[in-house]
Amino acid sequence: MRSFVSNQMRNIAPFLTLIILLVFFSVASRSFASFDNAANILTQISVTGVIAVGLTFVILCAEIDLSVAAIANATGIVVAYFTLQENYVNIPNVPLPGALAIVLALAACAFLGFVNAFGITVIGIPSFIMTLAMMQIGAGISALLVRGQIAYAVPSFVATMGAGSVGGIPWIVVVLGVFLLAGHLVLTYTRFGRYVYMVGGNREAAEYSGVNVKLVLGAVIVVSGVCSGVAGMLGVAHFGSAQQNEFDGYLLDAIAAVVVGGTSLFGGRGGIGNTIIGLLILGVLNNGLDHVEIDSFLKILIRGLILLAALIINVYVQSVRESERTGSP
Amino acid sequence: MHGISKSFGGVAALSDVDFVLRRGEIHGLVGENGAGKSTLMKIIAGLHAQYHGRMMIDGREVHFRSAREALAAGIGMVHQELSIVPDLTVAENVYLGKQPTCAGMVDWRTMFAGAREHLASLGIDVDPRARMGSLAIGLQQLIELARVLFSGARIIILDEPTSALSPPEVHRLFEVLRAVRAGGRSIVFISHFLDDVLAIADTVTIFRNGRRIVTEDAAKIDKGWVIERMIGSGHEDLEESYTGAIALDSKPRAPVILAVRGLSAGRAFADISLDVRAGEVLGVYGFMGCGQIELARALFGKLKSTAGTLTSDGKALRLRNTADARRAGVAFVPESRRSMLFYQEPVYKNMSISVLGRIARLWLKPATERDIARRHIESLSIRPPTAEALLQSLSGGNQQKVALAKWLTWPPRMLVLSEPTRGMDVGAKEDVVKIVRGLRDRGLGIVVMSTEPETVLSLADRIVVMKKGRIVREFAGETVSKDRLLEVA
Numbered sequence: 645m646r647s648f649v650s651n652q653m654r655n656i657a658p659f660l661t662l663i664i665l666l667v668f669f670s671v672a673s674r675s676f677a678s679f680d681n682a683a684n685i686l687t688q689i690s691v692t693g694v695i696a697v698g699l700t701f702v703i704l705c706a707e708i709d710l711s712v713a714a715i716a717n718a719t720g721i722v723v724a725y726f727t728l729q730e731n732y733v734n735i736p737n738v739p740l741p742g743a744l745a746i747v748l749a750l751a752a753c754a755f756l757g758f759v760n761a762f763g764i765t766v767i768g769i770p771s772f773i774m775t776l777a778m779m780q781i782g783a784g785i786s787a788l789l790v791r792g793q794i795a796y797a798v799p800s801f802v803a804t805m806g807a808g809s810v811g812g813i814p815w816i817v818v819v820l821g822v823f824l825l826a827g828h829l830v831l832t833y834t835r836f837g838r839y840v841y842m843v844g845g846n847r848e849a850a851e852y853s854g855v856n857v858k859l860v861l862g863a864v865i866v867v868s869g870v871c872s873g874v875a876g877m878l879g880v881a882h883f884g885s886a887q888q889n890e891f892d893g894y895l896l897d898a899i900a901a902v903v904v905g906g907t908s909l910f911g912g913r914g915g916i917g918n919t920i921i922g923l924l925i926l927g928v929l930n931n932g933l934d935h936v937e938i939d940s941f942l943k944i945l946i947r948g949l950i951l952l953a954a955l956i957i958n959v960y961v962q963s964v965r966e967s968e969r970t971g972s973p
Numbered sequence: 022m023h024g025i026s027k028s029f030g031g032v033a034a035l036s037d038v039d040f041v042l043r044r045g046e047i048h049g050l051v052g053e054n055g056a057g058k059s060t061l062m063k064i065i066a067g068l069h070a071q072y073h074g075r076m077m078i079d080g081r082e083v084h085f086r087s088a089r090e091a092l093a094a095g096i097g098m099v100h101q102e103l104s105i106v107p108d109l110t111v112a113e114n115v116y117l118g119k120q121p122t123c124a125g126m127v128d129w130r131t132m133f134a135g136a137r138e139h140l141a142s143l144g145i146d147v148d149p150r151a152r153m154g155s156l157a158i159g160l161q162q163l164i165e166l167a168r169v170l171f172s173g174a175r176i177i178i179l180d181e182p183t184s185a186l187s188p189p190e191v192h193r194l195f196e197v198l199r200a201v202r203a204g205g206r207s208i209v210f211i212s213h214f215l216d217d218v219l220a221i222a223d224t225v226t227i228f229r230n231g232r233r234i235v236t237e238d239a240a241k242i243d244k245g246w247v248i249e250r251m252i253g254s255g256h257e258d259l260e261e262s263y264t265g266a267i268a269l270d271s272k273p274r275a276p277v278i279l280a281v282r283g284l285s286a287g288r289a290f291a292d293i294s295l296d297v298r299a300g301e302v303l304g305v306y307g308f309m310g311c312g313q314i315e316l317a318r319a320l321f322g323k324l325k326s327t328a329g330t331l332t333s334d335g336k337a338l339r340l341r342n343t344a345d346a347r348r349a350g351v352a353f354v355p356e357s358r359r360s361m362l363f364y365q366e367p368v369y370k371n372m373s374i375s376v377l378g379r380i381a382r383l384w385l386k387p388a389t390e391r392d393i394a395r396r397h398i399e400s401l402s403i404r405p406p407t408a409e410a411l412l413q414s415l416s417g418g419n420q421q422k423v424a425l426a427k428w429l430t431w432p433p434r435m436l437v438l439s440e441p442t443r444g445m446d447v448g449a450k451e452d453v454v455k456i457v458r459g460l461r462d463r464g465l466g467i468v469v470m471s472t473e474p475e476t477v478l479s480l481a482d483r484i485v486v487m488k489k490g491r492i493v494r495e496f497a498g499e500t501v502s503k504d505r506l507l508e509v510a
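Chains as they are written, first to last, in our numbering: chain A, 645 to 973; chain B, 22 to 510.
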């Protein structure tokens with residue numbers, strides 16, 4: 645029984661955190677527990693969520709991608725750049741048919757992800773450093789394309805996905821659901837997903853089993869880039885504008901969602917289920933703090949403390965497992 | 022030292038050993054792996070604090086609890102794996118941990134001058150400003166030795182100092198050691214290279230099975246005499262012994278699966294040429310550090326070779342990574358279980374990982390995976406007999422079977438085993454021998470790399486001996502014995 649609890653600690657702790665937060669805010673605020681607010685929360689976590697799906701793959705491999713927000717921003721701007729803007733928008737853009745603009749934007753984020761993958765696997769730059777550089781490159785591309793201006797128009801399909809709704813459910817939430825489901829299916833039921841877990845669990849052993857570790861690592865980085873790009877397009881449509889530094893807060897939110905949910909920073913443990921819980925914790929926390937009377941500056945500190953607590957649990961659970969492993973013959 | 026005994030978990034590593042080291046003496050220490058020589062030296066160097074018996078230095082009884090205490094008493098050790106800092110300069114390495122300071126700042130001028138002088142006094146001519154990592158391995162070792170001397174050691178223990186050195190480097194090391202001896206300090210020289218030991222030592226002590234067999238003046242003995250006493254009559258211990266001659270059942274006409282020509286990889290090994298034949302076990306024997314571990318990795322695409330070719334079926338084989346090797350039909354079991362198993366995953370995932378591509382293209386087929394696992398669990402009698410058990414809950418021997426089972430679902434054409442029986446009890450060793458022979462009889466080409474002559478002799482149909490990164494001898498279709506192997510290695 646004890647070993648079951650310690651094995652499941654990674655899943656139990658985030659789940660309990662979520663329940664406690666839900667109960668707390670429901671009691672503390674009269675406006676929190678409502679159907680509309682639940683829909684609000686889901687909408688609020690959608691952009692972060694799509695980024696977090698890709699990031700889950702990366703962190704399961706014990707790597708990190710710091711360029712997710714920058715790639716999201718750049719992709720969102722690229723799709724706007726290839727869309728006809730209103731006359732008052734003073735950007736030398738290149739209007740193209742909507743479908744083509746979307747394809748080009750997807751190609752752009754896939755390409756940036758591919759550059760990351762090349763640097764990490766072929767050249768051998770640690771992912772932390774490589775994606776840090778890509779963070780700057782993404783910001784640079786964004787800056788060059790909009791030149792300090794703001795673009796508003798995006799292809800109508802993107803606009804619908806980001807800001808429209810169907811039968812009362814925002815499309816952006818549906819898209820998030822599709823990405824989470826697809827991510828879960830790939831990780832759990834495909835050969836590639838198994839390789840992701842095995843490479844994260846013991847990279848050396850995967851290599852000695854004849855797994856092409858570099859290919860797997862490269863692939864997860866590209867997946868992360870593409871997820872970020874899609875999130876960027878949705879975000880631009882959702883916010884109704886494309887500009888520089890629009891996604892700056894999303895890097896930390898996405899990493900926090902994955903890690904708070906219980907996916908191991910050391911790789912091999914966790915998954916989309918954990919990421920969903922992590923996203924809900926962050927969403928409930930952000931939304932709930934707006935519903936209670938609290939100093940808005942204190943909010944930032946509280947978020948930091950919750951993240952720290954989750955990290956402590958994450959590392960602690962790992963060390964318990966390690967000591968169990970070395971303790972047994 | 023008097024009546025030293027030491028045991029690890031009930032297994033006696035040393036029993037009632039007496040050992041005398043004189044001032045100004047180079048004392049050679051020889052014996053097979055596990056004979057107890059390293060254990061004794063670790064006691065002297067303070068790395069094992071728990072032991073029975075008494076140890077005296079200059080007539081005073083001592084009992085070290087840590088390496089620090091031993092060092093304070095003038096005992097220093099140079100391990101086979103050097104503990105230098107490659108990114109620092111030579112001078113910084115010599116002065117490591119006690120740089121001369123001037124008003125709280127490192128006094129570089131004094132340090133460089135002091136290091137130069139100290140090294141010159143040992144006959145080592147090297148720029149103290151050079152980066153340590155840029156020097157040849159032989160020089161790095163001399164500088165580590167210089168550091169141990171500089172720290173005031175009067176007794177210096179050298180563990181396998183010549184295993185990575187070329188003949189001129191060995192020569193230079195001996196010059197330095199003679200200078201150290203002339204200074205009245207004592208040296209313990211542990212080595213598998215009997216020629217080296219006999220060339221430099223004044224006295225030689227032979228260990229076997231945790232006992233000191235004999236101590237003799239080096240001038241009076243030769244290599245054959247030493248080997249005879251290292252191996253013993255062979256009937257003293259329970260373990261299967263291969264002191265007698267083994268007739269190698271080589272198959273010179275069997276088809277060649279993999280032809281290796283002139284393979285080299287940096288410092289690890291050079292100009293290796295050998296053929297792996299179907300239905301034959303090729304044993305590669307050599308001492309620790311002779312390059313066979315690296316050679317095994319190169320055959321599996323884990324280590325990039327710098328020169329030479331691999332040919333299979335008349336076609337050149339380029340191994341860019343381990344996936345290439347797997348596709349070419351090469352399998353590898355490394356010497357450490359830890360580096361090939363997934364401890365947090367169930368048994369069936371551990372077994373299926375290397376054949377996943379054959380079972381499933383895109384979507385996994387867990388039912389098939391479990392079926393395959395159950396088949397291996399039954400045929401290898403793995404305990405507990407469930408495919409779902411987490412690997413970490415299995416015992417070491419069962420984990421080893423899982424490691425082997427990975428490659429048995431669709432047998433590869435060629436299997437490379439590194440130290441397949443290290444640390445196993447007799448029963449488990451026999452299981453391994455049985456499995457390997459079974460695979461050979463099914464037509465696999467098998468390569469067994471080991472530093473234990475027994476392992477190679479019990480498995481191989483043909484043996485090559487490696488020494489310092491090169492093949493020095495091949496035994497095929499003849500009789501060979503352990504002392505022959507030891508003699509050429």
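These aren't lab readings, by the way, just hints derived from the structure by calculation. Treat the numbers as computed from the prediction; the structure is a model and nothing was measured. C-beta atoms are modelled at their ideal positions from N, C-alpha and C, and glycine is treated no differently. Errors might be hidden in some of the hints.
[As the list claims (entries may be wrong)] Pairs of lysine-lysine, DSSO-like flavour, derived with a Cα cap of 30 Å:
| no. | chain 1 | residue 1 | chain 2 | residue 2 |
| --- | --- | --- | --- | --- |
| 1 | B | Lys272 | B | Lys241 |
| 2 | A | Lys858 | B | Lys325 |
| 3 | A | Lys858 | B | Lys336 |
| 4 | A | Lys858 | B | Lys323 |
| 5 | B | Lys450 | B | Lys272 |
| 6 | B | Lys488 | B | Lys272 |
| 7 | B | Lys488 | B | Lys323 |
| 8 | B | Lys63 | B | Lys272 |
| 9 | B | Lys386 | B | Lys63 |
| 10 | B | Lys386 | A | Lys858 |
| 11 | B | Lys241 | B | Lys323 |
| 12 | B | Lys244 | B | Lys455 |
[Stated by the list, open to error] To give an idea of the interface, some chain B residues facing chain A are shown, with a C-beta separation under 7 Å as derived from the structure:
| no. | residue |
| --- | --- |
| 13 | Ala124 |
| 14 | Asn342 |
| 15 | Ser360 |
| 16 | Met361 |
| 17 | Leu362 |
| 18 | Leu385 |
| 19 | Ala388 |
Outcome of the hint check:
Between Lys272/B and Lys241/B the CA atoms are separated by roughly 42 Å; this puts the pair beyond 30 Å, and the hint is violated. Under the criterion of a C-alpha separation no larger than 30 Å, the hint pairing Lys858/A with Lys325/B is consistent with the structure, at around 15 Å. About 25 Å separates the Cα atoms of Lys858/A and Lys336/B, which keeps this hinted pair within 30 Å; it holds. Using a Cα cut-off of 30 Å, the hinted pair Lys858/A and Lys323/B holds, with the two alpha carbons roughly 12 Å apart.
A threshold of 30 Å between alpha carbons decides the hint, and for Lys450/B with Lys272/B the separation of about 24 Å falls inside it, so the pair holds. Pair hint Lys488/B plus Lys272/B holds up; C-alpha atoms about 24 Å apart against a cutoff of 30 Å. About 22 Å separates the Cα atoms of Lys488/B and Lys323/B, which keeps this hinted pair within 30 Å; it holds. Annotation: proposed proximity of Lys63/B to Lys272/B is violated, straight-line Cα distance about 45 Å (limit 30 Å).
A hinted pair counts as satisfied when its Cα atoms are at most 30 Å apart, and Lys386/B with Lys63/B does not qualify at roughly 52 Å. For a cut-off of 30 Å, the pair hint linking Lys386/B to Lys858/A stands: about 24 Å separates their Cα positions. Among the hinted pairs, Lys241/B with Lys323/B is inconsistent with the structure: their alpha-carbon atoms are about 47 Å apart, more than 30 Å. Restraint check for Lys244/B and Lys455/B: not satisfied, since their Cα atoms lie roughly 34 Å apart, outside the 30 Å limit.
Checking Ala124/B against chain A by beta carbon gives a least distance of about 37 Å; that is not within 7 Å, so the hint is violated. Hint status for Asn342/B: holds, given a least beta-carbon distance of 6 Å to chain A, under 7 Å. Satisfaction of the interface hint for Ser360/B is found here, the shortest Cβ-Cβ separation to chain A being roughly 5 Å, below the 7 Å cut-off. The criterion of a C-beta within 7 Å of any C-beta in chain A is met by Met361/B, whose closest approach is roughly 4 Å, and the hint holds.
Given the 7 Å rule on beta carbons, the hint for Leu362/B holds: about 6 Å separates it from the nearest Cβ of chain A. Here the hint on Leu385/B is kept, as its CB sits about 6 Å from the closest CB of chain A, short of 7 Å. A cut of 7 Å between beta carbons decides the hint on Ala388/B: the least distance to chain A is about 13 Å, and the hint is violated.
Consistency with the previously given hints fails for numbers 1, 8, 9, 11, 12, 13 and 19, ordered from lowest to highest.
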